[in-house]
Structure formats: C-alpha cells, structure tokens
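Protein chains in written order, with the working numbering: chain A, 1 to 183; chain B, 184 to 323.
No lab work stands behind these hints, which were simulated from the structure alone. This one's a predicted model, so the numbers in the text were calculated from it and none came from an experiment. Every residue, glycine too, gets a C-beta built ideally from N, C-alpha and C. Any given hint could turn out to be false.
Partner residues aside, some chain A positions facing chain B, computed with beta carbon under 8 Å [to be verified]:
| # | residue |
| --- | --- |
| 1 | HIS70 |
| 2 | VAL110 |
| 3 | LYS115 |
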Amino acid sequence: MNVIVTSIDYILNWSRANSLWPLTFATSCCGIEMMQTVASNNDIARFGSEVFRGSPRQADLLICAGTITHKMAPVLLRLYEQMAEPKYVIAMGACTCGGGMFAENSYSVVRGIDKIIPVDIYLPMCPPSPESLLDSIRKLQKNIKKESILSRKSFMDKHEPKLKENCGLLVNEELNITKIGID
Amino acid sequence: MNTDKIKEIFDCVETKADKIIVKKDFLNVIDLIKNNYKFDMLKEIIAIDNKDCIELIYNLYSTENDEDLKLSLTVSNNEADSVSKMYDSAVADEKEIYDLFGIKFIGNDELKRLYMPENWQGHPLRKDYSENDKRLEWNE
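Excised from the complex, chain A in its bound form (with noise of 0.2 Å):
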C-alpha cells in the first residue's frame, strides 16, 4: 500500500510542482517585479510557471504583488475560493506580510494578507527583487514535492479562509462568496 501510495505522490507532485500556474494578481508596485520576474531577463518559464491566467479558475498560484485594501479584500477572498484545488499562495511584499510602511496609522490597508487567505511562503522586502521571488517558487516547489494525498485533507483543513462572520466589512451580500471545495 505504502508502495503504490509513495509511487503516486511522487507522480502527482512532480506533475503540479513543475507546472504551477500563477493568477495574474498584482495590486501595485510589486507587480512590476513580477513582470520583471517574466521577461527573458530572470525567465520564471525555466521552472515551469510562465504561463499566467487570466481566470482563477484556470490557476495554481495565487502571487499576491502588492498592498491590500480593505475594498481590495473581498476580490482577494473571492479569486481565492474560485480558484481549484490545489491552491497555493505566495505573499509577496512587505504590505502583503504585515502591512508593510502601513502597518501603523493607516484606516484602508489590511495588515497582512494571512488575515484573511491561508498563505504558504512569505516574501517580504518592499519590492522583492525577480531573484528572490524565483527562490520562493523553488521553495514552494521543494514543499510541494513533500506533500501526501492521504495527508492532503488535513492540509485543507488547515487552508480554510479565516474569516467571513467575525468581519462584517469584509463580506458584503453583493459578492455572495460561497465556499468550493473538492468533494
């Protein structure tokens, strides 16, 4: 059993951890990078992650570039749960880790996306370089590889959105989130 259940794994990740398809997210100034990230320069297709989505949907990888708002919050929330499993995310940027030069004194930025997403690697410099942000996919990638299907529900479980009841700002009636799983 152990056998075939190793065997498996190694395929499955193998498979998604070589082909991780990031959403096309960025909200400000790291976005920049991640487009630097991109070009023929620092080339993100040579670890399998140059094709960037314009639907959730369609996308392993959420790259969160850039602050987010408390307006901004509710999409973030929403492009998470629409997008299949498995998901991953990667904060990248000071004001996606903690707030960043927000972190005191301001009334519109979320102080740190883990506030409201699950988040599995944490990039922070205010802006990451394109060198950086390819060493978090490699670690990202070197997690994957680690990962078990038998263990993938207690993983989920762990990844559920924090809060929807305990923020009433952040969950309005209009964007009517639902929650998607993949039983």
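Since chain A is already given, all that's left is putting chain B on it; use the hints.
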C-alpha cells in the same frame, strides 16, 4: 485680470499672496468670474483641514487668456454650496471631498462614497478622525 482688480469689483473678498479669500456670496462670485472673465475650466478642488476649520481651494483656469485663479473658501458646519451646476468636473471632486472629509455640498445630487467602502464609518482624512470601528478589530 489680476487679483487687485478682483478686489475692486467684489467687496466680499480679501487677497492673500496669490489666493483670493471669498467671505460670502460664493456662488455669485464664482458665477461672475466664470461668465464675465472667462474662467471656463475648474482644474481641481482642494480641501485642507486646518484643525479649527476646513478650507476649500478652487483652482480655476481660463483657456482663452491662459490665466490661473485660486479661490479660497472656509467651510462652516461641514456644508458648502456645490458648483457642479456651473462646472461639470466638480461633480467627481465634490464626491471625493465628501468621502474623505465629510463635507456636504448642497446641490450635488451624486454625493456618495467614492474610494472607501460604502459601509465605512467616518471620514478618514479629517484631523479628528480616529478608527474605532469594532468591525475592524481583527485588523490590529
């Protein structure tokens, strides 16, 4: 048209540097300036919170004579007269100032939130604003 000339025409204005401070009858003054002196373009409206009062600055421009004019107005009771009937570009500016400073422009029918979420409490660019919304406690 220089500022001294304006001072001669209107008795309700004062000049300070290149700024014309209008004390009363603001709508009449801006109407005369627009029609008689051809200041046909409103570049922007600026709001400044000076702690004791909120000041509005109207930046006018004459496309015909290539001239600039600054009109200043002090707001009382958080209410001011809208110039959106005279200048179309004022609609968006007044909306923004209402959103961030909470000044109600009488005569502008489209006053609602522009940048902030619609269920936001308070007007964040005022000096006396403090964020004590209980719905946002998770964000500390």
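Outcome of the hint check:
1. For HIS70 (chain A), the interface hint holds, the least distance from its beta-carbon to any beta-carbon of chain B being 6 Å, beneath 8 Å.
2. Taking 8 Å as the C-beta contact cut-off toward chain B, the hint placing VAL110 (chain A) at the interface holds, the least distance being around 6 Å.
3. With its C-beta approaching chain B no nearer than about 6 Å, LYS115 (chain A) sits inside the 8 Å limit, and its interface hint holds.
Checked against the numbered hints given earlier, this structure breaks none of them.
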